[in-house]
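Undergrad: Generate the whole structure from the sequences, applying the supplied hints.
2 protein chains.
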Amino acid sequence: MAPLKSWLEIDSGSHFSLHNLPFGIISTTSTPKPHPAVAIGDQVLDLQIFTEGNGFAALSTIQPHQAVFSRPTLNDFAALGRPMHRVVREYLQTVLLEDGPFPGVLKENTSLRDNALIAQKECHMHLPMHITDYTDFYAGLHHAYNVGVLFRGPQNALQPNYKHLPVGYHGRASSVVVSGTPIRRPNGQILTDPAVKEPILSPCRKLDMELELGCFVCKPSAMGEPVSIKDAPEHLFGVVLMNDWSARDIQAWEYVPLGPFNSKNFGTTISPWVVLIDALEPFASTGLQNDIKPLAYLDERERKSHYTIDLSVELTTDSGNSSTICKTTATNLLFSFPQMLAHHTVGGCPFNVGDLMGSGTISGEGKSGKGCLLEQSENGKVSIRLSDGQERVFLQDGDEVTITGVCGGEEGAYVGFGKCSGKILPAMEIAT
Amino acid sequence: MAPLKSWLEIDSGSHFSLHNLPFGIISTTSTPKPHPAVAIGDQVLDLQIFTEGNGFAALSTIQPHQAVFSRPTLNDFAALGRPMHRVVREYLQTVLLEDGPFPGVLKENTSLRDNALIAQKECHMHLPMHITDYTDFYAGLHHAYNVGVLFRGPQNALQPNYKHLPVGYHGRASSVVVSGTPIRRPNGQILTDPAVKEPILSPCRKLDMELELGCFVCKPSAMGEPVSIKDAPEHLFGVVLMNDWSARDIQAWEYVPLGPFNSKNFGTTISPWVVLIDALEPFASTGLQNDIKPLAYLDERERKSHYTIDLSVELTTDSGNSSTICKTTATNLLFSFPQMLAHHTVGGCPFNVGDLMGSGTISGEGKSGKGCLLEQSENGKVSIRLSDGQERVFLQDGDEVTITGVCGGEEGAYVGFGKCSGKILPAMEIAT
Numbered sequence: 025m026a027p028l029k030s031w032l033e034i035d036s037g038s039h040f041s042l043h044n045l046p047f048g049i050i051s052t053t054s055t056p057k058p059h060p061a062v063a064i065g066d067q068v069l070d071l072q073i074f075t076e077g078n079g080f081a082a083l084s085t086i087q088p089h090q091a092v093f094s095r096p097t098l099n100d101f102a103a104l105g106r107p108m109h110r111v112v113r114e115y116l117q118t119v120l121l122e123d124g125p126f127p128g129v130l131k132e133n134t135s136l137r138d139n140a141l142i143a144q145k146e147c148h149m150h151l152p153m154h155i156t157d158y159t160d161f162y163a164g165l166h167h168a169y170n171v172g173v174l175f176r177g178p179q180n181a182l183q184p185n186y187k188h189l190p191v192g193y194h195g196r197a198s199s200v201v202v203s204g205t206p207i208r209r210p211n212g213q214i215l216t217d218p219a220v221k222e223p224i225l226s227p228c229r230k231l232d233m234e235l236e237l238g239c240f241v242c243k244p245s246a247m248g249e250p251v252s253i254k255d256a257p258e259h260l261f262g263v264v265l266m267n268d269w270s271a272r273d274i275q276a277w278e279y280v281p282l283g284p285f286n287s288k289n290f291g292t293t294i295s296p297w298v299v300l301i302d303a304l305e306p307f308a309s310t311g312l313q314n315d316i317k318p319l320a321y322l323d324e325r326e327r328k329s330h331y332t333i334d335l336s337v338e339l340t341t342d343s344g345n346s347s348t349i350c351k352t353t354a355t356n357l358l359f360s361f362p363q364m365l366a367h368h369t370v371g372g373c374p375f376n377v378g379d380l381m382g383s384g385t386i387s388g389e390g391k392s393g394k395g396c397l398l399e400q401s402e403n404g405k406v407s408i409r410l411s412d413g414q415e416r417v418f419l420q421d422g423d424e425v426t427i428t429g430v431c432g433g434e435e436g437a438y439v440g441f442g443k444c445s446g447k448i449l450p451a452m453e454i455a456t
Numbered sequence: 025m026a027p028l029k030s031w032l033e034i035d036s037g038s039h040f041s042l043h044n045l046p047f048g049i050i051s052t053t054s055t056p057k058p059h060p061a062v063a064i065g066d067q068v069l070d071l072q073i074f075t076e077g078n079g080f081a082a083l084s085t086i087q088p089h090q091a092v093f094s095r096p097t098l099n100d101f102a103a104l105g106r107p108m109h110r111v112v113r114e115y116l117q118t119v120l121l122e123d124g125p126f127p128g129v130l131k132e133n134t135s136l137r138d139n140a141l142i143a144q145k146e147c148h149m150h151l152p153m154h155i156t157d158y159t160d161f162y163a164g165l166h167h168a169y170n171v172g173v174l175f176r177g178p179q180n181a182l183q184p185n186y187k188h189l190p191v192g193y194h195g196r197a198s199s200v201v202v203s204g205t206p207i208r209r210p211n212g213q214i215l216t217d218p219a220v221k222e223p224i225l226s227p228c229r230k231l232d233m234e235l236e237l238g239c240f241v242c243k244p245s246a247m248g249e250p251v252s253i254k255d256a257p258e259h260l261f262g263v264v265l266m267n268d269w270s271a272r273d274i275q276a277w278e279y280v281p282l283g284p285f286n287s288k289n290f291g292t293t294i295s296p297w298v299v300l301i302d303a304l305e306p307f308a309s310t311g312l313q314n315d316i317k318p319l320a321y322l323d324e325r326e327r328k329s330h331y332t333i334d335l336s337v338e339l340t341t342d343s344g345n346s347s348t349i350c351k352t353t354a355t356n357l358l359f360s361f362p363q364m365l366a367h368h369t370v371g372g373c374p375f376n377v378g379d380l381m382g383s384g385t386i387s388g389e390g391k392s393g394k395g396c397l398l399e400q401s402e403n404g405k406v407s408i409r410l411s412d413g414q415e416r417v418f419l420q421d422g423d424e425v426t427i428t429g430v431c432g433g434e435e436g437a438y439v440g441f442g443k444c445s446g447k448i449l450p451a452m453e454i455a456t
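Protein chains in written order, with the numbering used here: chain A, 25 to 456; chain B, 25 to 456.
Just so you know, the hints here were simulated from the structure itself, not pulled from any lab data.
You may find that some hints are simply not true.
Computed cross-link-like contacts, PhoX-like style, restricted to lysine-lysine with a CA-CA straight-line distance of at most 20 angstroms [stated by the list, open to error]:
(1) K187/A <-> K221/B
(2) K187/B <-> K221/A
(3) K317/A <-> K145/B
TA: What follows is the structure, given as structure tokens:
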């Protein structure tokens, strides 16, 4: 299939081709209250202005719900459900299509074009969703194995439960921030000398990033009522890139017996544009083969519910120089988002629209595919050489980490996520 | 000090004396939309009706904020801050006081009395707060020790970090429910035969309760900015009873390496009335003595920030018979809520108004003080005999667990929490 062509000029390398149309929340100088938009090329279509300008006149099904396009988050749009997301996205594709059926809506409506199409660089991006609960999984098999080898050796690298269920933990919704938000190095208790057994309060010395995907839920489920693996896809709104910043030394001391806590809750960064599940479907794939047969409630029976997303991580130092420190793909997961949701709800845990699930760190095989510095530096033992000659084992103040992700190899038809970036600020001074 | 006496008739054994005035969210047949009230004796003062009836006419400071009393949660009232909570509670005390200065407000205003004072049994209780994030700690020293002995023996019962920091994990906000909500026994993966290493999906066979306190936060703190131990009390709104239902067999299989997950997120019950910190102050106490000196950011220097709350747990079987299965006090905690908040934020984790912190299971010394069945039955090995002759090691379907808590030994001056109850429903049938 040839790439869809728009009457708008879109760079053929853009993440935001007409095949994508991801949703986000913007504010601008002229409309300072956050509101929805879709990304197209290096512009956005401001959905509040588009709605006010009667842009949805030719789509009667959305008209009773048009107020969702003036909300400060995408939750109400998400809550309309996947059939409505599909209808709206496809309608916007036809509006933007070179020879689409509705040229009067926008293409030939110069005053609405002038108002509703805005350069992305003039938009301030906000968290796309009000995040109600956040759960982080651990479904990256190579990551779990590599970390297990570091701490328990290759014989016991994976815990006995690992292949039977998507291991996960509840995260901190309040500390999820949008790309571009600085991340302050956390202070915390660390054990510098295990022989002494007395921790100190110190700025984290093993600050790390984690390459992940996040997936938002768009359909609520009641307490006590599981979401079946068959129904789970209808509960998923869309996908973002995620950097689950981690303080490895704080984690090592605090995590027994109840899991990671302050080592994770100082910040988690997500990309601003939610790529809808429908936009990802052409890139659907199986994930990693599980060599055990999962219990029936997790059995997807060959369904392709992973996505071939090329992922990379860049580290930019205070010299301004950037180095690609990881390249991998999102198929390196043992469990899919539908499986995560089916497992999360099997005991009756209720979900709300706006709940976020993280995939866990995605690592490929081989050193260049390792999705966090803990793995790459073997917990601080091996230096990573950057292109400006600097070396790292963990992150330094002033380092900026940028995750990118994109589907498809065809010019003009990319479905990408843009960037998920965060820069490290020095720790707060500890009051004495 | 003699008990404060009201012109309202209040049973001398009531948890809701004039010394208390806890806040909650009610709905009634005549006002079906949830809104705030305070409990007084066996009645409530409906704050929406009281406000509409000009009840706050003599309290000018609250007047710009009176809309908080028609909200469906207490979050906006909480956000006014502790000085305002104090002013409002003390004003309501004077309004209800036998010889108070404002008899015209309510005592002699029969039409407002008739409308605003409602029997508790005619009120439907709702979650008092919209819960933004929920964290559960593990600060009950005897509980942590007893559980540690069961799984690791007495030599290694407490992990090395235990006395240095309040160990905690992020919980699931969506599954916190108000007292009276039935709790469905969860299904989940359990390992019936460790030799086989293949889990089954099954209704939980080791369903447990946990006796805890919960504390709501009323003051936000920004990402990257710790709340000092000195400032922490001003961030605390009030306290509720909490039952952190637990599925011990699901927990045993799932919890490595990231902590409890589905074993906890099927339901957490809280009592409906939030007892303000000011109401608890007369019962302030030190908690358990920590035999290590905590780091400075956790050092309370003799401040009494625990409360002497007599706690008990009743188990009511399907025969209708109730047995008291636990009696203890809330001073059996190694860390206080201010210490929990100081630790939770030391790395920069942001807080919102409505965040909930659980204390962890509160167990006293001795068998009758054990705050969960895991401890009492030694993980299923020792039966607990109930007063109707039945025996339990864990909870059966139809069992109702009721936690109560009350401060003070003086008739007519109790500051209590009422009840925190939940009844077990059978597991959902597993689709095959």
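Undergrad: Please go over all the hints and tell whether each is borne out by the structure.
TA: Results of checking the hints against the structure:
Pair hint K187/A plus K221/B holds up; C-alpha atoms about 11 angstroms apart against a cutoff of 20 angstroms. Between K187/B and K221/A, the direct Cα distance comes to roughly 11 angstroms. Compliance with the 20 angstroms bound is thereby established for this hinted pair. The straight-line distance between the Cα atoms of K317/A and K145/B is roughly 52 angstroms, outside the 20 angstroms bound, and the hint therefore fails.
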